[in-house]
Each structure stands twice: as C-alpha cells, then as structure tokens.
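Protein chains: 2
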Amino acid sequence: MELIKKARGGDQRSIARIISYAENETPEAAEVLQKLYAFTGMAHIVGITGPPGSGKSTLTDKLVKEYRKQGKTVAVLAVDPTSPYSGGAILGDRVRMSDLTLDPGVYIRSMGTRGRLGGLSKGTASAVKILDACGFNYIFIETVGVGQSEVDIVKNADTTIVVTVPGLGDDIQAIKAGILEIGDIFIVNKADRDGTDRLLMELKMMLDLNPDKAAWIPPILQTVATQNKGITELADTIIQHGDFLRQSGQLIRQRRERLETEIFDLIINRITQQIIRKQNEDGTFEQELQRVMDKEIDPYTLVDKMLKKIFK
Amino acid sequence: MELIKKARGGDQRSIARIISYAENETPEAAEVLQKLYAFTGMAHIVGITGPPGSGKSTLTDKLVKEYRKQGKTVAVLAVDPTSPYSGGAILGDRVRMSDLTLDPGVYIRSMGTRGRLGGLSKGTASAVKILDACGFNYIFIETVGVGQSEVDIVKNADTTIVVTVPGLGDDIQAIKAGILEIGDIFIVNKADRDGTDRLLMELKMMLDLNPDKAAWIPPILQTVATQNKGITELADTIIQHGDFLRQSGQLIRQRRERLETEIFDLIINRITQQIIRKQNEDGTFEQELQRVMDKEIDPYTLVDKMLKKIFK
Numbered sequence: 001m002e003l004i005k006k007a008r009g010g011d012q013r014s015i016a017r018i019i020s021y022a023e024n025e026t027p028e029a030a031e032v033l034q035k036l037y038a039f040t041g042m043a044h045i046v047g048i049t050g051p052p053g054s055g056k057s058t059l060t061d062k063l064v065k066e067y068r069k070q071g072k073t074v075a076v077l078a079v080d081p082t083s084p085y086s087g088g089a090i091l092g093d094r095v096r097m098s099d100l101t102l103d104p105g106v107y108i109r110s111m112g113t114r115g116r117l118g119g120l121s122k123g124t125a126s127a128v129k130i131l132d133a134c135g136f137n138y139i140f141i142e143t144v145g146v147g148q149s150e151v152d153i154v155k156n157a158d159t160t161i162v163v164t165v166p167g168l169g170d171d172i173q174a175i176k177a178g179i180l181e182i183g184d185i186f187i188v189n190k191a192d193r194d195g196t197d198r199l200l201m202e203l204k205m206m207l208d209l210n211p212d213k214a215a216w217i218p219p220i221l222q223t224v225a226t227q228n229k230g231i232t233e234l235a236d237t238i239i240q241h242g243d244f245l246r247q248s249g250q251l252i253r254q255r256r257e258r259l260e261t262e263i264f265d266l267i268i269n270r271i272t273q274q275i276i277r278k279q280n281e282d283g284t285f286e287q288e289l290q291r292v293m294d295k296e297i298d299p300y301t302l303v304d305k306m307l308k309k310i311f312k
Numbered sequence: 001m002e003l004i005k006k007a008r009g010g011d012q013r014s015i016a017r018i019i020s021y022a023e024n025e026t027p028e029a030a031e032v033l034q035k036l037y038a039f040t041g042m043a044h045i046v047g048i049t050g051p052p053g054s055g056k057s058t059l060t061d062k063l064v065k066e067y068r069k070q071g072k073t074v075a076v077l078a079v080d081p082t083s084p085y086s087g088g089a090i091l092g093d094r095v096r097m098s099d100l101t102l103d104p105g106v107y108i109r110s111m112g113t114r115g116r117l118g119g120l121s122k123g124t125a126s127a128v129k130i131l132d133a134c135g136f137n138y139i140f141i142e143t144v145g146v147g148q149s150e151v152d153i154v155k156n157a158d159t160t161i162v163v164t165v166p167g168l169g170d171d172i173q174a175i176k177a178g179i180l181e182i183g184d185i186f187i188v189n190k191a192d193r194d195g196t197d198r199l200l201m202e203l204k205m206m207l208d209l210n211p212d213k214a215a216w217i218p219p220i221l222q223t224v225a226t227q228n229k230g231i232t233e234l235a236d237t238i239i240q241h242g243d244f245l246r247q248s249g250q251l252i253r254q255r256r257e258r259l260e261t262e263i264f265d266l267i268i269n270r271i272t273q274q275i276i277r278k279q280n281e282d283g284t285f286e287q288e289l290q291r292v293m294d295k296e297i298d299p300y301t302l303v304d305k306m307l308k309k310i311f312k
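From first to last, the protein sequence lines are chains W and S. Under my numbering, the first sequence has 310 at position 310, and the numbering climbs by one with no breaks. Under my numbering, the second sequence has 271 at position 271, and the numbering climbs by one with no breaks.
Worth flagging that the hints you see were computed from the coordinates, not collected in a lab. A portion of the hints provided could be inaccurate.
Copies of one chain are not kept apart here, so a pair can be met inside one copy or by any two copies together.
Dumping the calculated DMTMM-like pairs for lysine to aspartate or glutamate here, alpha-carbon to alpha-carbon at most 20 Å [said to hold, decoys possible]:
{"id": "1", "residue 1": "K278", "residue 2": "E257"}
{"id": "2", "residue 1": "K122", "residue 2": "D265"}
{"id": "3", "residue 1": "K305", "residue 2": "D208"}
{"id": "4", "residue 1": "K65", "residue 2": "D103"}
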C-alpha cells in the first residue's frame, strides 16, 4: 500500500492522513492499522500529565528540542479531553511549538474528543501505534488535566511524567493523591516560584507512603521549562526509565496489559455499534423508552429485554 | 422491602447501605434500584464542576445551608475522579461540612472510582436515583476537575454550575472552552481577588460566541463563598433554571436523553461482564494474546475471531 510506504518513509502528510483515518474510523482505517501493527513496538512512549497551568506544553517543547539535539525523532500528541463537545482540540499554546513544525524529524498533532465511550482514548491509542510504526524514536502524549480520561490516555505510555507546580491551591491534595500511582517521574515545574520546597517535601512524603514502586523509585525533578532549566536531566531520566523497563521485564508486562485492555475496548466498541444498528432497524426502542419515562417499566427490565434480543 | 421503606422514611444508614449496594453492584442492588425507580423524578439535580482550587466544596457547603434555611432537604455527592486507583475518594475538605452531618435533612457522601469503563459515572447515576427516590429536594453532584469523566458525571444533572476563579494560569482558555457547552450557570468565585473583572469579561465574550443557548442565557454570577457572598442569589438562580427547564419542556427532553444513555451504558456493562466470563471459561485468550504480542497476528484479527465466538 503506497500510503503506508510513504508514511513509513517519513512523509508527514501521509502520516497525518492515516491518523485521520483512525480518528474518524473510516473504512481504510482497519486495513492500515492491521498492516502497520507488525512494525510497532520500537518507540519509547512518554505520557505527560498534570493540572492546568503547570506548563506541560512548554516542558514538552523543550524536551522535543533536547532529543532532537541527540539526533532522535519525536512525535507529540497533544490531547485535550476538556473539549468534549466541540470535536476539535483548542490548544492555542501549540503555536509555541511552531518553530518545530518545519523540522522533518518532529511530528505534532492535536487531538480532541470524538464520540462517546472512550473515543479519545481509542483515537490516541491508534495514533500512537501509527507513529510507532512510522519509526519515531519518542512519542509524547501530552494531556490537559488530571481526571479519569487523562489517566486512560496516559495508560498508552511506557513512562508517565506527572508535572506539578507550586501554588495551585486547595485541591492539590486531591490531585496528588490521584496521580501518585501513575507517575514514573515527577516534575516540579516553575521551580523558581515560592512554595517549591514545600511542594517537593509534600511530594516526597506522599511517594514514600506508596509501597507499590519498590523496583523503580520515582525521582522528583525540578525544572523551569521557560528557561530550559532541568530539561537535560529530565531527558536523561526518561532514558534511564526506559532502560529500567526493558531490563526488568516490566516493559513486556505493561505492554501485554495494555494490549489486553485495547482488545477488550475494541470488542466493546464493535458490539456497541452493533446494538445501535439493531436498535435503529427495529424501531421499537423509542416506544420502550417512553414507557420507562412514564414509569410503566424500569430501565433494568428494559435492558434485560434488549439483551435477550441481541443474544437470542 | 424493609430497607427501602426505612430509606424512604429518611433513615440515613439505610440510604447509605443502598448506595453501597449500588456502588459495589451487589446482588441486592438490582432489585432495590428496580423497586426505587418508580419514585424517582422529583428532585432538582444540580452538578457543580470547575478546576481544582476554585472553591467548589465551600460553595456547595454554603448552598446547602441556604436551602436548609428555606426548609428544603439536600443531598451532596462529592465525586472524585482524580482518584482512579485507590478506590476511595480522598476529600479532606469534606470535614468542613461536618457541622451539616448532624442535620437529618442533609445527606453527604463521597464517591471514588470503582472499576473500569465508566464505573464512577454509573455509580453516581445510581446514587442520584436512590437519593431522588428517598425524597431529597436537591441533589448536588460536586466533582473535582474538568475532564471528560467530570463531564460524564455532570450529565446526570438537570442544572450544571461551572465554577471558575481568577488567576488560574495559562490553560484557563482550554478549560473554559471545554466546559462552556455544559454550563447553565457560571460562577466567578473568590470574586474579591485580582483579575475578577478580566475573567468576567472573558467568560461573557466566550458565552456570547456560543449560539446554542438561545432559550436560556447562562448568567455569570460572582461569589465569595468563604464570606457567604452571592450565595442567596445563586440559590435563587438555580430555582429559576429549574422553573425554566420545567416550563420549556427541556427537563423532559434532557431526562429522556439521559435515560437513553443510561440504558446503553447498562447494556454495554452487562455485555462486557459476559465477555469476561466467556473468556475465562474458555482459557484460550492468553495464548491468543501472546500471539499478538509476538506479532504473529494483529489485534484486529483477534477481535474479529472473538466476536464471531460471542455471536455464533
């Protein structure tokens, strides 16, 4: 297939087109993904997450430049789950990366939410696979926010970087508690601000309480991304974590788990499509729904009925 | 059923037990939810969302007190989607509400994430129904954060309040863009801070750009929750929005849509359980997964195979 050949040869327009196929689930998507699968598995996939205002975009920007200096190719997926209805990511700060977009060794793409039921997570998973098969050495997945959807997205990564920042206010405790388990590397960005020492101490204390990380002790690094401070150290730490994952066998375990989840998600997605199709063919659903609205039957009874129809 | 009778009579321990059934999907859950369904539909369900640090908890606290003064009963579900692995919500700030917990007209419950695939959203939907059937006049769903999962949770609400706060930093644009569509009432909390006027202006501009809200123009209110400023006005505005929903017929439309989504989610959940059960019975999945890991086959081919087995 010509398109695959071109994409794997580094043609950015072909890469973009394939990702669009996958995002929009066009008929071509299945075939292309199927063919690309055999070439996946080489890239180091790095997730970057953290609360709004923590400077993730700038940090990613600088990391990309650092790896480019080392001669590595890099792709960035900027995922915006806070844009659930608009269908497109609004990421004005991506213009900051514009000096990178002329570099053929860098590919940057914004992704918004498509459809319901984990559409974004699925689209991101496909995009990662495509970029992996196209030979990028590093793939960064950058997400805005710290909710469940961000966690789902970050599950596509081998290494997860959690970015925090001093002075974010009351709910910081809740954030830290939630993302503690997913972080392989912690960053205190804007580390020239007041409150850095306190935040470092708090993070250290919370990580010390976490018993699950015996094999890899997540380091806490300080950066001032806008001034390019701490970026080289961060880039090295990411490489170290990659080495650890390979040598410990954890990379295989993680990827196996990820694949399992993905297969289930694919199945559920396919079944959902089938249910929607059956429901539309049949035409009785609207009447049944009205009966539930009128409290003539309850939703659980209706679900039993519908399931019997599907599996009859 | 004695438990239902007690819960509907206002016994808080019985209410708590039923919600736990639903959260943990015990065998009792289905029966209880089925029986309670006929009593639902009376409560005004209010979602409160906004970025970390915006003071949502304090605001909810004050609103509860305001409605209690008016003789209304209130339930609060504090949902924490940032805690995906721990299985329990860490909401230290809930202690602020402790003076309310002695009031029999107030029920407060924290909810964390259970399981995968929208578990939190489902648990919250069930809890709302239970509290509704138990006769609470107002049910507040308070969420931490602004991601997709928060949006999913807030979809359970009739009225959605979006709380913002001056001076949250760079990504505020992204946040505002994402939650613009879901807000019925916008709050600038901590409105005694610098930057309030600018934030008000920005919000107004963004809302003016939004064409979908012709019937109800979302008001932007200012509060200083810690000083109880603007709370009465907010409480009144919530009531006004409730009146609007009923009189315009939008309440029925929204609830119908919500019910439809819920029925689909129930079906998908049941099918997922069935797939997991089949896979475990069969025992061949592990071998197939290894073949995908070894790139002998691709995941899409495996999914096709599994689906044929399910629907054969």
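Hint numbers not upheld by this structure, sorted from lowest to highest
Hint check: 3 fails alone, others pass.
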